[in-house]
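Bring the two chains, given one by one in their own frames, into a single complex with the hints.
Now for the letters of each chain:
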Amino acid sequence: MNVLENERVTAFVQRSREMKYVWIGFLFFLLIITILLSDFIGSVRIPIQSLLEIYGSQIPFLSHFVPHGYTLAQEQIIVQLREPEILGGVVIGASLGIGGAAIQSIFRNPISEPYIIGLSSGASLGAVASIVLGFTIFGIYTQQITAFVFGLSVVFIVYFFALKGGKIHPTYLLLTGVAVSFFVSAIVALLLFTNINLQGEVFFWLLGSLENINWTVLYPVAIVVLITSYAIYLQHRELDAIQMGDMHARSVGVNVERTKRITIFMVALGVSASVSISGLIGFVGLVMPHLSRMLLGGSNRHVIPASGLLGAIFLICADDIARGIVPGVVIPIGIVTGIIGVPFLMYFMRKLTGGRYEG
Amino acid sequence: MKVEIENVTFQVPSFQLGPLGFSVEEGTITAIIGKNGSGKSTTLKLIHGDLKPNTGTVRIDRTKVSSLSSLKLAEKTSFVWQEIFSPMSFSVRDVMNVSGYKRGTDENRMEGALDKVGLAPFIDRDFSVLSGGERRLVTLAAAIYQDSEIMIMDEPTNFLDIDNQILIYNLMKGLREEGKTIIMTMHDLDAVHNLADSVLILRDGKKIAWGDTDSTLTLENLNKAFNVSFHTYNTVNGSSFVGSYNG
Ligand SMILES: Nc1ncnc2c1ncn2[C@@H]1O[C@H](COP(=O)(O)OP(=O)(O)OP(=O)(O)O)[C@@H](O)[C@H]1O
Ligand SMILES: [Mg+2]
Chain A
1 MNVLENERVT AFVQRSREMK YVWIGFLFFL LIITILLSDF IGSVRIPIQS LLEIYGSQIP
61 FLSHFVPHGY TLAQEQIIVQ LREPEILGGV VIGASLGIGG AAIQSIFRNP ISEPYIIGLS
121 SGASLGAVAS IVLGFTIFGI YTQQITAFVF GLSVVFIVYF FALKGGKIHP TYLLLTGVAV
181 SFFVSAIVAL LLFTNINLQG EVFFWLLGSL ENINWTVLYP VAIVVLITSY AIYLQHRELD
241 AIQMGDMHAR SVGVNVERTK RITIFMVALG VSASVSISGL IGFVGLVMPH LSRMLLGGSN
301 RHVIPASGLL GAIFLICADD IARGIVPGVV IPIGIVTGII GVPFLMYFMR KLTGGRYEG
Chain B
360 MKVEIENVTF QVPSFQLGPL GFSVEEGTIT AIIGKNGSGK STTLKLIHGD LKPNTGTVRI
420 DRTKVSSLSS LKLAEKTSFV WQEIFSPMSF SVRDVMNVSG YKRGTDENRM EGALDKVGLA
480 PFIDRDFSVL SGGERRLVTL AAAIYQDSEI MIMDEPTNFL DIDNQILIYN LMKGLREEGK
540 TIIMTMHDLD AVHNLADSVL ILRDGKKIAW GDTDSTLTLE NLNKAFNVSF HTYNTVNGSS
600 FVGSYNG
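Which chain is which? The protein sequence lines are A and B, in order. When you line the first sequence up against our numbering, it's residues 1 to 359, in that order. When you line the second sequence up against our numbering, it's residues 360 to 606, in that order.
Hints are not guaranteed to be accurate.
[Claimed, not checked] Here chain A is said to cover these stretches of chain B; the calculated rule only asks that three of the stretch's residues, wherever they fall, bring their Cβ under 8 angstroms from a Cβ of chain A:
1. 423-434
2. 437-443
3. 446-454
Please keep in mind that the hints were generated in silico from the structure rather than gathered at the bench. Each residue gets a CB set at the ideal place from its N, CA and C atoms; glycine is no exception.
Pulled out of the complex, with its shape left as it was, chain B reads as follows (with noise of 0.2 angstroms):
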């Protein structure tokens, strides 16, 4: 399902975003990038409808997302958020349950669901007392068992250890192949670089840059986008970023 955003723009008093045009192909991902407040998590709430655009349109399937009723849209898209709420008294079931609004409870995807965040013998756990990471991997798996066409993803990783993060990163590989679109945010950048088909580069509320990962996530970009002065060099696994002070 394609995802199009046509001269998106957003004001609230402190902050302005856009205008914003792009337009996401099915089965990719999609990184959007830039620093804190810079917009990231604004920009993934009106492509899911959380927030009316002053003007412009989002399209999901050729469908305006305004006019999408909720239970269509969760048909067509799942969002992990940025913040976990916790629930009073709710099991790893129960959230994963929640997830099953649409589609109905079927026990045997939500044990393959968590086992992919190798969390299946967490099911009856108490969801507020899990750790911040566990909770982080219990949402990424409650968004693969509503199984949409495509997912929205507010910083995936955050909270994670090493391992869990590149089992995310294989995870989301592994959605791509089966036809998932995915639009996320994400601050590690040589994630991204491995990970993502295009990238949105944003800094407060403007596009600084969008494209395929090659053309767009270089050196000049990363430098307008944050304050650190970058540079890559070599590993065995190819090239890597690092940015330090001007100082």
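If we strip away everything but chain A, and leave its shape as in the complex, we get (with noise of 0.2 angstroms):
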């Protein structure tokens, strides 16, 4: 890129920069045309025609006026399939987003991102064990369960590892965080190691997935994930004075070490709800935020609602891609998070930093 065009770039992002409301206020219109566009999306095609009915039937009130020119499979399809799906892209996606923003703020670190205090380790060896072990203690429900707990756990365990004096230090959390996560990740390699043939099943655990969210498992993680996403939000100015470093934050009046605790709480309630319905998935936790800071700039006001829209928009087109690439085949979001959303992301953002991104 040469110097003119690099000008051009950062005029460009200093314009997104001020205009911050509006970003958010497009950002929310793309998720909802987002939202209905991927309802068309899947091996058996519904005209628009009956997707609105359908939609107009779930309304209340509205029900009785619309009328019932669709089939009971179409209706099945889209209420009981795709939606559940599509809004448990929207919650995950959002939840992976803004949890990644807090943690980099109270990390002030660019390469974090929820998982690293222990959860995905946790959430995996919830499910995992789960799996091999057979419990069913909670029903039809225990894997999802059990991954949620255990990935709860381990951020707890973690935490009160990394505690010295009553006080949690960024780099401290963050080594504990990968050497429990080390730890425990074994312990999920060693169940698999004895049981080759369930691997399969783990497999796509691991990878991450939403085709198996209905509305039972949904409805409870959504008001997990709604009220600590609302908690984090309220956090946004402390967050933003932890950025500046602990002893700064302080001196301007921050509670540090409660809003670390309540933070690292609530990502890890909101997340580990999260994951425990999808599985691991990748990437949203880490780059959503930093695309939000490029586009918004710094201030958690705006880069935790951003982070939280951007993950829901990125997740659901990933799973339509997931969904739609190989006609009647279904490929872990994982991997087309990785192979497709990676590149794209990577060109974008050297193209809006013109490669001198200043984390």
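Written out as structure tokens, the structure reads:
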């Protein structure tokens, strides 16, 4: 890229950052459009007329006035299969994006993400153990519940190991998170190693998928994510301050340890709930906050909502590709985010910053 | 607001500080001087309660600093740090907003504070790509914006050109006139001589001298604090310190 083009790009970024609320409004609009369009994608084609009628029938009061020119099968596909999957993408993408923004602020580290505090390894252990050992204590949702409980538990273990003199030092928490994750992942590997025949089932979970999401699991997770996301958003000024150093944050009046405690707990709760129904979906928590910062600047007042919106949009699109690229076959979403998402975003990030992104 | 340091000691395996005892009067400028690693920043952090002393107490406005909540502390003191973090993609406004955590955003005061350091037009610039000196000026403006009674400044004029150094000296005098109490470290002895009401001289964590500037900033004390030998010479503005090697 030549110098002139570089300057043009910088001017674009500058202008873009001045239109923060326009951006958030636009992303929200884009999310709605993506949700509606994604309902078309799948092995069965459903005409737009029927789709609109099915939507109408789901809206209280309005349902009495819309014609019912669709088949029961069509209704089933939309309401029972596609809608929970797409809305699951919204909930999970948003929780990963928001969690990423919060965790990167706490660590002051642009390459951290929610999984780094032990979440992913813990949830994997829960899911894999429940499959391998055949747990059924919580009925048909045992796998989701154990993944959630283990994800949360490992974060607690990491947190308490990292606590020194009542304080959490970011570097120390990061190292503890990485170390404990290694340990827990080794146990997961051991379980897989000794149960070769179960690897297929586990494999799908480890790569993530929105396919198995139904309304029964989506409702509780959506409520948890809604509450935790709002709680994280309420900390946006504290998280901004912490990005300038723990001591600086304290000197301007922030209760640093309390903020860290609340944020880590809320991220752990929201993201554990999400991955418990989707498996491990990487990349969203790491990249969406950066994309948001480039578009809107670094203040968490805007980065948190934008990361949530971008995470949701990105995950639905990745899921559309996972469902639509090979007819009749659903590929794990982790493969899509990796193979298609990464090169696209690398290109986008270079383009936006002229290759000069300063963290 | 008075700051009282009583019998404070602080130990880490590689370094011992103190015992230190002195008290800083309201509306004065206090300078801490000494070699690199003599314990100046450590002393400031002890005063601000970022480090816990092994013995002794620090009182701000007659309250133990260890018992102040961060919010109360921020109301009484602001801190300009020796090192400056570069938070991810923050604009100058974002950095200023952080310092407005306690009082809430006030655009007019924010612009006023930036204007004092000549950086009002920089408000929407990206903080991380500013020059070292510009970033230093923004952090000083942020401390002014925080508007606390006591201002702690760790080498407030590092990175600054001579014009901006003098701008900051005058700014500090103005703040003192408004009744602010400033406790700072500074390596420029002439500036300390010119600005400070009291001086604390440290060497290897030990107090060499403490007291009002004229009786403390003496050739004898400076020769104890540094390896070079000092003498003075007269300039149009008064006398000036120069040090030279003993070699
Ligand atoms: N947390 C710590 N652990 C170990 N040693 C420390 C710690 N903090 C400070 N020290 C040591 O204490 C000594 C004093 O450090 P301090 O930062 O107070 O020096 P200073 O006078 O501010 O120096 P400078 O002029 O370079 O800023 C140094 O030798 C430093 O290595
Ligand atoms: Mg220092």
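To see whether the hints hold, each was checked on the structure:
Given a C-beta distance limit of less than 8 angstroms, the hint that chain A covers the segment 423-434 of chain B holds, as 6 residues qualify and 3 suffice. Residues of the segment 437-443 of chain B lying with their CB closer than 8 angstroms to a CB of chain A number 3, which satisfies the three-residue condition for coverage. Here the segment 446-454 of chain B counts 7 residues with a CB under 8 angstroms from a CB of chain A, which clears the bar of 3, and the coverage holds.
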